Amino acid sequence: MLFLPNLRRWRHVLPGIALLGLAGCNLIEFSPNDHRVPEEFTNLTEKNLAKLQARPLAPGDSLRFIFTGDSQQFYDEAEALVASVNQQPGISFLVLAGDISDFGLAREMQWMDEKLRRLTVPYVTVIGNHDLVGNGRPTYQHIFGAFNYSFVYGNTKFIMVDTNGREYNFDGTAPDMAWLKPQLANFDGARRQVVISHVPPTNDDFDPALRTPYVQALHEAPNLVFEMNGHNHSYSITQPYNDGVTYVNSDAFSERRYLVVTVWGDKQFRIKRVKF
Amino acid sequence: MKELLFSALLLVAGVPAFATPPDTAAVRIPPAARRVERPWYRPAHLALQTGGGLGMVAAGAGYEFSKTHLETDILIGYVPKYYAGSTLSLASLKFMYSPFHLPVGDKFQVVPLTVGAYFSYTHGTINDELKGQYASDYYWFSTDTRYGPLLGSRVTFLAPPVAATGQPRKISLYYELGSNDLYLASYLNNRNGGLGFGQLLTLALGIKADF
Chain P
1 MLFLPNLRRW
11 RHVLPGIALL
21 GLAGCNLIEF
31 SPNDHRVPEE
41 FTNLTEKNLA
51 KLQARPLAPG
61 DSLRFIFTGD
71 SQQFYDEAEA
81 LVASVNQQPG
91 ISFLVLAGDI
101 SDFGLAREMQ
111 WMDEKLRRLT
121 VPYVTVIGNH
131 DLVGNGRPTY
141 QHIFGAFNYS
151 FVYGNTKFIM
161 VDTNGREYNF
171 DGTAPDMAWL
181 KPQLANFDGA
191 RRQVVISHVP
201 PTNDDFDPAL
211 RTPYVQALHE
221 APNLVFEMNG
231 HNHSYSITQP
241 YNDGVTYVNS
251 DAFSERRYLV
261 VTVWGDKQFR
271 IKRVKF
Chain B
1001 MKELLFSALL
1011 LVAGVPAFAT
1021 PPDTAAVRIP
1031 PAARRVERPW
1041 YRPAHLALQT
1051 GGGLGMVAAG
1061 AGYEFSKTHL
1071 ETDILIGYVP
1081 KYYAGSTLSL
1091 ASLKFMYSPF
1101 HLPVGDKFQV
1111 VPLTVGAYFS
1121 YTHGTINDEL
1131 KGQYASDYYW
1141 FSTDTRYGPL
1151 LGSRVTFLAP
1161 PVAATGQPRK
1171 ISLYYELGSN
1181 DLYLASYLNN
1191 RNGGLGFGQL
1201 LTLALGIKAD
1211 F
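Protein sequence lines correspond, in order, to chains P and B.
For the first sequence, this note's numbering gives the first residue as 1, with consecutive numbering after it.
For the second sequence, this note's numbering gives the first residue as 1001, with consecutive numbering after it.
The hints are simulated quantities; they were obtained by calculation from the structure and are not laboratory data.
Careful: at least some of the hints might be erroneous.
Distance windows between CB atoms, simulated [said to hold, decoys possible]:
| id | chain 1 | residue 1 | chain 2 | residue 2 | range |
| --- | --- | --- | --- | --- | --- |
| 1 | B | Gly1196 | P | Trp179 | 35 to 41 Å |
| 2 | P | Gly90 | B | Tyr1097 | 58 to 64 Å |
| 3 | P | Thr202 | B | Tyr1097 | 21 to 27 Å |
| 4 | B | Asp1181 | P | Leu57 | 31 to 37 Å |
| 5 | P | Ser62 | B | Tyr1121 | 52 to 58 Å |
| 6 | B | Asp1181 | P | Pro89 | 21 to 27 Å |
| 7 | B | Ala1117 | P | Ser234 | 37 to 43 Å |
| 8 | P | Ser234 | B | Phe1065 | 50 to 56 Å |
| 9 | B | Ile1076 | P | Arg191 | 57 to 63 Å |
These numbers were taken from a predicted model, which means no experiment stands behind them.
We treat Cβ as the ideally placed atom computed from N, Cα and C, and that holds for glycine.
All chains should be modelled from the sequences, with the hints used to inform the complete structure.
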């Protein structure tokens, strides 16, 4: 009763404040490490794979996709990359080989998705070491999805695996060989396989105890086209273990280059480097 | 009726704080005589806020200097596991400067501009750097320590002073727009507009009680 006149005075202001409050909900950040994002930025792997499966490759067509990595903090470059990729004909999807974020933060992942969702094709990711910093683990899981997953598209089985051993203190869990081996043993209806991870086995950040088992498992894979990585920020295509397994490293966003990868036949491929 | 109630309240409070003293009863005990000297360590206010990167809820106390133009708040914040994957507790220190205090009527005051900075330390992140996990310059940033600028304003209700001590009381509602070092670094690394300034902002809403 005592405060009634004041409340009346505020009557016209309150709806405005309420409106600001609604707009402010997304601004109210509990911590940079919290992973609350609008629903449209969650489960992106599942959503993008559904988009991909909705546009199947015609039988007999070569599979063509974009391969790149390490988008972390390069938002200017992401815009230019999207504009360039959208000019490429016959592309099915884009693969981002980890380090989507720089600090494992939800906002960074959302910012990058806001750029990449402007691609005319879907994109998929594999987790990078920077995505595991701080509370990046639950954040990546919430925004993208599983750390280890596979999918089949255009006769190719893509096996996406977390190889960021250093982030787990080389505790023998990354790469998860118990998951990877059966994935490699099984084609799931495809005729060839591609393994994609962030840290290459040649790198010091790969769990040294798992290097040999990993390389061996890829060598024994029934029809592996190649193994692809990010992390190094420099393009290379090599057979470092002289075992017939080809390892492809991507250019990072910072290098303003990406790869156009075409796969056909049993396990034939062609890689074109594009500057943007 | 309202006048009566107000007078009654002033009587209870024992201090003729705002209106001209309406009667002798209210001035029977001079406020100066009742006012107790504050020990130096006694905070000037308690604060409770949400957001601003300092917790889903953050509570604490603060001190005032330079005739309330300068303040420092110490807050302890909490983020439940549900929102961050692990339970986070944050210790934060805020420094604020409010150059103007504008009276609005007898009972309100508007502080149109508060500028400041904060520093926070987060405990409980999952992949906290372990000794020897990384080379010293592997990541160029800390996962636990954040700092950033603040900009806000507030509305203050001037309540009757504390009866026992004669200390003035205020209740303030405030908001603060802020950012942090990581977001600002991302912004500065994208000079061609890759990030909009609005994408860096965080909002805190809070209440502060001076007593």
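Broken hints, numbered, in rising order? 3, 4 and 6
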